[in-house]
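Visitor: Starting from the given sequences, assemble the full structure and let the hints guide the process.
These protein sequence lines are chains A and B, in that order. Per this note's numbering, the very first residue in the first sequence carries number 1; after that it's consecutive. Per this note's numbering, the very first residue in the second sequence carries number 1001; after that it's consecutive.
There's no promise every hint is true.
Partial list, derived from the structure: chain B residues whose beta carbon lies under 7 Å from chain A [said to hold, decoys possible]: (1) GLU1124; (2) ALA1276; (3) SER1277; (4) SER1294; (5) ASP1348; (6) LEU1352; (7) LEU1391; (8) GLN1415; (9) ASP1433; (10) MET1435; (11) ASP1439; (12) LYS1443; (13) LEU1444; (14) GLN1447.
Simulated from the structure, these hints should not be mistaken for laboratory data. We put the CB at the ideal spot given by N, CA and C, even for glycine.
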Amino acid sequence: MAVGAASAQVWFAPPQPGRLQRIVRVARRNPLGAAAFVILLLMTLMSVFAPIVTGGVDPYAISTSGRLQPPGPGHILGTDDLGRDVFTRIVYGGRISLWVGFISVGISQGIGATLGIVGAYKGGWADFAIQRVVDALFAFPTIILALAIVAVIGRGLIPVTVAVGIVSTPRVARIARAATMSVIAQPYLEATTCMGATSVRVILRHILPNIMAPLLVIGTAGFGGAILAEASLSFLGLGTPPPQPSWGTMLSGNAQLYARSAPYLAIFPGIAISLGVFGFNLLGDALRDIFDPRLRGS
Amino acid sequence: MTDSNYWDRLGMRAVSRREVLRSSIFAGAGLGAAALVGCSSASKPATTQPGASAGSAASGAPAANVRTGGRLTEVGAYPPSLDFTREVTAGVPTITMPVYNSLLKFDTTVELQEFKTVQPDLAEKWEIAGDGQSYTFKLVKNAKFHDGTPFTSADVKASFLRQQNPPAGVVMPRGSQIQAVKSFETPDDYTIVMKLSRPSSPSSFLQVLAQHWMGIYSRKDIEGKFDFVTKMNGTGPFRLKSADQTTKISYDKNKDYFVKDRPYLDGIDIYNIPDASTKLAQIQAGAINISAASTEEFKTLKQALGSKAQFQSVLLQTVSALVMNSNRAPFNDDRVRRAMALAYNKEDGNKLLTDNEGVTGGYMFPNGGWALPKEELEKIPGYGPYSEASLAEAKKLMAAAGVKAGTNVSILTRQGSGAGGGSGESHSLFLADQMKKIDLVGKLDIQTTAKEYDAANAGNFDTYIIALAFFVDDPDSVYPDHFLTNSPLNYNKLGSKAVDDLFLKQSVELDTKKRVELVRDMERQAVPQLSKFVFRYYRNRIVTQKVKDFIWPNHQSSNHQMQNVWLEA
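Guide: If you want it as structure tokens, here you go:
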């Protein structure tokens, strides 16, 4: 009997794994993703607790006597040409990178998802207009567009964050649109509309939750891109202004001048950038695997 | 360098300039310059003067073993504009000098340029009236502008009048150096007579005219609204071929140049290479003939190139200085300005920013003859060695001025690290660090070069670190631009009647010894006013490869005409 069979199935179902077990299982399936998560967690904790991690060393403190000291016991990653501790500046620089990442991804996700969803849902001229704007933004190489935006709104942490957010928006809009198109083709959405749900309700309650997975994946990958874009703009002298210790700023300027006599000035911020970008890219890949039903069982 | 050595070198020890002037010299080339500096008789020939030897070069005499042809490559940047009369940044002459001539020029084969090294350029000879108030220049007859217009005395007159009376809205800072000229007379096409409202030392006036900043434009262009900002039309040895603001500026040889057989080069290419590692790689590969280098680059290149290149390090007549805006709080209080000067640790700054290569000085070049002796300069607050006592004094001054702890102060800063130079982000970061000692909070206001000058001219800053290039070691050139009450580059207009009066007094004094004393009196009064607080004079390091008859002088960029420069095979 059907009912009896169902009851038997419920009766003999194995116990559901706990949250920790599930995390361990996901980590075992995606060791690289797990490693990335650990790296990023460490990076975040170090940035948040920078004053403790660095033992209270001032990232701005200039020291004539401690100039260009190689990595050693006093300064584990050495000091720069103004005698500032490189390790401290890298740890504090992580704050800038994470800030730019969070806010710019927030901007690109907020604007991009809205444009993509509205365009796909409304269709017609709205979709046409939005897609042409997106096409136009796509026509510019990312860094050139970011440079143009910074040139217009000025140099500084906030302009850089806004610029990085804006240049990432078209990609998010495209993906949000494609995901929305696949959702609105579902019969349940038609039924919801027939039952009189407003457009806002449909978008917020039915479309958005169903396209969160791809948005989350692209957001995570975008995080790495944002760190790189901030570093690139700072390297070009248009990003985070001194004395704020940004990884890109540390790579540019005098680090280039001392590339031969004090290569660590460029190497360590470079490693920090690479680790950050690598971590977020791996995490993005892992999330894609986790959310992709075709890869779930593999 | 002692005073006697300096003036001995200039040949001024025996006879006053007044005696020389009394004899009313009519000098040609080096003879004129030599006579003016005090030979016992104007009729004495100056056969050993550098000017005399270069005079022969100017006439086109062939030089031995010279290789003609080839394009010289150099590192440089597109300036804020191509109109050198309105610009102050020392990078401008590098770009504009190959295209233009002045009436006079400096000998480009010696490092220390002074009035003894003044040579003819568009003026082939000159005569100075006994009272020092009339200068007559005989001009070359075969010079032509690059558009084919013949060069005449009318062009000289139009050029100088333009600097004296700039177009509306344009500041021409060197116009003040020739304000004493009340009239320019042109009795014929190849003679110009300058009548001065007061006597001017020939040693000063001739140097002023020898600057590239006093280059000659075409009258036709001046009257025809020629766009000097983006175009160049001079009589110089090279014509502008192309100018890309971001990559390269190219020049071709001027085949109609008025000096026979010059220039030797076929052309010049100046590359804009902002990336330090790319620049280093290009120099190491031998693709660049001339480049300035930071201390660190200099060491690297010495190791890498060895005897393949020539390395020159020269103390420039260029300072790194601080301008404190006396029109804005808290620097409108002279106690705060003094406190800043006392709190700034010059020794640390020198070590961090210029690898200890900088030299402390006042407004006049410390290696020259006008400067205050070191021990006297050090008595001026902020110019002596830094100590805990000077910091304590600074704190007292701040307390007396009632400045709130944590007051924000902007530091107008040129974009770029500024390594080894006079301004830039590192310099401002160090200043901000020094400000902390007197409870001020320095905030960097980083601007591109062009915007930096706009902000400075508009007085839109609290403090401003500036690299100042003085092109002639003469008070008549240094003071009118920067340190008199109404000087165009006296951004905070700090000055005094006493200094202005002393300036006029020394300017008309023809006796050198008396003039030196007047200039030192002027320094004693002007330097403590802190119109500009001079951190240090700094060096320039130049790397050249295969370049002959080229030397970087203490007057930055006064050698970029390139008329006599040639390239080895």
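Visitor: All the hints need checking, so say for each whether the structure fits it.
Guide: Evaluated hints:
A hinted interface residue such as GLU1124/B counts as satisfied when its beta carbon comes closer than 7 Å to some beta carbon of chain A; here the least separation is about 46 Å, so the hint is violated. Because the beta carbon of ALA1276/B sits about 4 Å from the nearest beta carbon in chain A, less than 7 Å, this interface hint is met. The beta carbon of SER1277/B is positioned within 7 Å of a beta carbon in chain A (closest approach about 5 Å), and the interface hint is therefore held. Because the beta carbon of SER1294/B sits about 5 Å from the nearest beta carbon in chain A, less than 7 Å, this interface hint is met.
The restraint placing ASP1348/B at the interface with chain A holds, with a minimum CB-CB distance near 4 Å, inside the 7 Å limit. With 7 Å as the threshold, the beta carbon of LEU1352/B comes within range of chain A, its nearest partner Cβ sitting at about 6 Å, so the hint holds. A cut of 7 Å between beta carbons decides the hint on LEU1391/B: the least distance to chain A is about 15 Å, and the hint is violated. The closest approach between the C-beta of GLN1415/B and any C-beta of chain A is roughly 6 Å, which is under the 7 Å cut-off, so the hint is satisfied.
Checking ASP1433/B against chain A: minimum C-beta separation of about 4 Å stays under 7 Å; hint holds. The criterion of a C-beta within 7 Å of any C-beta in chain A is not met by MET1435/B, whose closest approach is roughly 12 Å, and the hint is violated. About 16 Å separates the beta-carbon of ASP1439/B from the nearest beta-carbon of chain A, more than 7 Å, and the hint is not met. Interface restraint check: LYS1443/B against chain A, minimum CB-CB distance 10 Å, threshold 7 Å, status violated.
The interface hint given for LEU1444/B holds, since its Cβ lies 6 Å from the closest Cβ of chain A, which is under the 7 Å cut-off. This hint is violated: GLN1447/B has a C-beta 9 Å from the nearest C-beta of chain A, more than the 7 Å allowed.
The structure shown violates the earlier hints numbered 1, 7, 10, 11, 12, 14.
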